[in-house]
Amino acid sequence: EVQLVESGGGLVKPGGSVRLSCAASGFTFSFYSMNWVRQAPGKGLEWVSSISSTSLYIYYADSVKGRFTISRDNANDSLYLQMNSLRAEDTAVYYCATDYGDYSRFDPWGQGTLVTVSS
Amino acid sequence: DIQMTQSPSSLSASVGDRVTITCRASQSISNYLNWYQQKPGKAPNLLIYAASSLQSGVPSRFRGSGSGTDFTLTISSLQPEDFATYYCQQSYSTPMYTFGQGTKLEI
Chain A
57 EVQLVESGGG LVKPGGSVRL SCAASGFTFS FYSMNWVRQA PGKGLEWVSS ISSTSLYIYY
117 ADSVKGRFTI SRDNANDSLY LQMNSLRAED TAVYYCATDY GDYSRFDPWG QGTLVTVSS
Chain B
-15 DIQMTQSPSS LSASVGDRVT ITCRASQSIS NYLNWYQQKP GKAPNLLIYA ASSLQSGVPS
45 RFRGSGSGTD FTLTISSLQP EDFATYYCQQ SYSTPMYTFG QGTKLEI
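If you read the sequences in order, they're chains A and B. Take any residue in the first sequence, note its place counting from 1, add 56, and you have its number in the numbering used here. 7 is the number that the numbering used here gives to position 23 of the second sequence; each next residue is one higher, with no gaps.
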């Protein structure tokens, strides 16, 4: 079964840090670019960051550039998001998603992990 | 950045109805347009890619169309499980993917 499972979310103070993980199984993780997408409570979807299959190409949304770092470990089928200097507006459910094939369709997605930034 | 605008933001319909959701891009994106369904508390699920290609396992009552700047998602006969929020996503300007604001389909 193709599956992505996120972990690492929780309550963090403003200015704090957290590292999210996404464990992949059921497909050849190293073949695919991966993404983080977030969703603030009651809001829509926002693309956060992408990393190519070999980590050669990395991109960030302007809203997180300089604060978040995406990385991956193909040997362990894992994706990461290091989140520093967190702000209240970073509060969201964070999803990892596979960039599957042409047209960059996101499939599958993980179940999401909630990051709450609050004092 | 390419902006994606969906309409309507919310829609009330009944089981058996035919509904159409529109997505407009701020510039031409050819057919680089994907549609997702999201149910409360769940991750989004891919329905349509490349504007009109049905993702494997998705019922044929879902249909996507359009190219350039204007796109539609049509559900031909609403089923109870279709009440959800729908998002379009442009993948033309990779990797600066942008989503529409969502359309909530309610009973």
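For the record, the hints were derived by calculation from the structure and aren't laboratory data. Don't take each hint at face value.
[Unchecked claim] Far from chain A, by Cβ distances over 10 Å, these chain B residues were calculated: (1) Gly0; (2) Arg2; (3) Thr4; (4) Arg8; (5) Ser12; (6) Lys26; (7) Ala27; (8) Ala34; (9) Gln39; (10) Thr56; (11) Thr58; (12) Glu65; (13) Asp66; (14) Ser75; (15) Thr78; (16) Gly86.
[To be verified] 27 Å max Cα-Cα, derived DSS-like pairs, lysine-lysine: (17) Lys121(A) - Lys69(A); (18) Lys121(A) - Lys99(A); (19) Lys69(A) - Lys88(B); (20) Lys88(B) - Lys23(B); (21) Lys26(B) - Lys88(B); (22) Lys121(A) - Lys88(B); (23) Lys23(B) - Lys99(A); (24) Lys99(A) - Lys88(B); (25) Lys99(A) - Lys69(A).
[Stated by the list, open to error] Computed from the model, here is a short list of chain A residues facing chain B with C-beta under 8 Å: (26) Tyr88; (27) Gly100; (28) Ser106; (29) Ser109; (30) Tyr115; (31) Tyr136; (32) Tyr159; (33) Arg161; (34) Asp163; (35) Trp165; (36) Gly166; (37) Gly168; (38) Leu170.
Using N, Cα and C, we set each Cβ at its ideal position, and we do this for glycine too.
Against the structure, the hints:
Taking the minimum C-beta to C-beta distance to chain A, about 28 Å, the non-interface status of Gly0(B) holds against the 10 Å cut. Even its closest Cβ contact with chain A, about 25 Å, leaves Arg2(B) beyond 10 Å, as expected for a residue assigned away from the interface. A cut-off of 10 Å between C-beta atoms confirms that Thr4(B) is not in contact with chain A; the least separation is 20 Å. The beta carbon of Arg8(B) sits about 15 Å from the closest Cβ of chain A, which is more than 10 Å, so the claim that it is off the interface holds.
Ser12(B), annotated as away from the interface, keeps every beta carbon of chain A farther than 10 Å; the closest lies near 15 Å. The Cβ of Lys26(B) sits about 8 Å from the closest Cβ of chain A, inside the 10 Å cut-off, so the non-interface label is violated. At roughly 4 Å, the least C-beta separation between Ala27(B) and chain A is not larger than 10 Å, which violates its mark as non-interface. Consistency note on Ala34(B): stated as away from chain A, yet its beta-carbon is not over 10 Å from all of that chain's, at 5 Å minimum.
A cut-off of 10 Å between C-beta atoms contradicts the statement that Gln39(B) is not in contact with chain A; the least separation is 7 Å. No beta-carbon of chain A is positioned within 10 Å of the beta-carbon of Thr56(B); the least distance is around 17 Å. Residue-level check passed: Thr58(B) sits 19 Å from the nearest beta carbon of chain A, beyond 10 Å. Residue-level check passed: Glu65(B) sits 18 Å from the nearest beta carbon of chain A, beyond 10 Å.
Distance check for Asp66(B) against chain A: the nearest CB is about 19 Å away, which clears 10 Å, and the non-interface claim stands. Look at Ser75(B): its CB is around 4 Å from the nearest CB on chain A, not clear of 10 Å, so calling it non-interface is violated. Thr78(B), annotated as away from the interface, has a beta carbon of chain A within 10 Å; the closest lies near 5 Å. Listed as a non-interface residue, Gly86(B) fails to keep its Cβ farther than 10 Å from every Cβ of chain A; the least gap is roughly 5 Å.
For the hint pairing Lys121(A) with Lys69(A), the CA-to-CA distance comes to about 19 Å; that is within 27 Å, so the pair holds. Of the supplied pair hints, the one linking Lys121(A) and Lys99(A) holds, its CA atoms being roughly 21 Å apart against a limit of 27 Å. For the given pair, Lys69(A) sits about 32 Å from Lys88(B) by alpha-carbon distance, which is inconsistent with the 27 Å threshold. At roughly 10 Å between alpha-carbon atoms, Lys88(B) and Lys23(B) fall within 27 Å of each other, so this suggested pair holds.
Only pairs whose Cα atoms come within 27 Å are accepted, and Lys26(B) paired with Lys88(B) is accepted, the gap being roughly 14 Å. Distance check on the hinted pair: Lys121(A) and Lys88(B) sit about 30 Å apart at the alpha-carbon level, beyond 27 Å; violated. Between Lys23(B) and Lys99(A) the alpha-carbon distance is near 13 Å, which keeps this suggested pair within the 27 Å criterion. The suggested pairing of Lys99(A) with Lys88(B) holds, with an alpha-carbon distance near 11 Å, which does not exceed 27 Å.
Under the criterion of a C-alpha separation no larger than 27 Å, the hint pairing Lys99(A) with Lys69(A) is consistent with the structure, at around 22 Å. Given hint, Tyr88(A) at the interface with chain B, is violated; its Cβ is 13 Å from that chain's nearest Cβ, farther than 8 Å. Evaluation of the Gly100(A) hint against chain B yields a held restraint, the C-beta minimum of about 5 Å falling below 8 Å. The closest approach between the C-beta of Ser106(A) and any C-beta of chain B is roughly 4 Å, which is under the 8 Å cut-off, so the hint is satisfied.
The closest approach between the C-beta of Ser109(A) and any C-beta of chain B is roughly 13 Å, which is over the 8 Å cut-off, so the hint fails. Restraint check, Tyr115(A) versus chain B: the minimum CB separation of about 4 Å is within 8 Å; hint holds. Residue-level restraint check for Tyr136(A) is violated (minimum Cβ-Cβ distance to chain B is 17 Å; threshold 8 Å). The beta carbon of Tyr159(A) is positioned within 8 Å of a beta carbon in chain B (closest approach about 5 Å), and the interface hint is therefore held.
Using the Cβ-Cβ criterion of 8 Å, the hint placing Arg161(A) at the interface with chain B is satisfied: the shortest such distance is roughly 4 Å. With a least beta-carbon distance of about 4 Å to chain B, the hint placing Asp163(A) at the interface is held under the 8 Å criterion. Hint status for Trp165(A) relative to chain B: holds, with the closest Cβ pair at about 4 Å, below 8 Å. Among the interface hints, the one on Gly166(A) holds; its C-beta lies about 6 Å from the nearest C-beta in chain B, closer than the 8 Å criterion.
Hint status for Gly168(A): holds, given a least beta-carbon distance of 6 Å to chain B, under 8 Å. Given hint, Leu170(A) at the interface with chain B, is violated; its Cβ is 11 Å from that chain's nearest Cβ, farther than 8 Å.
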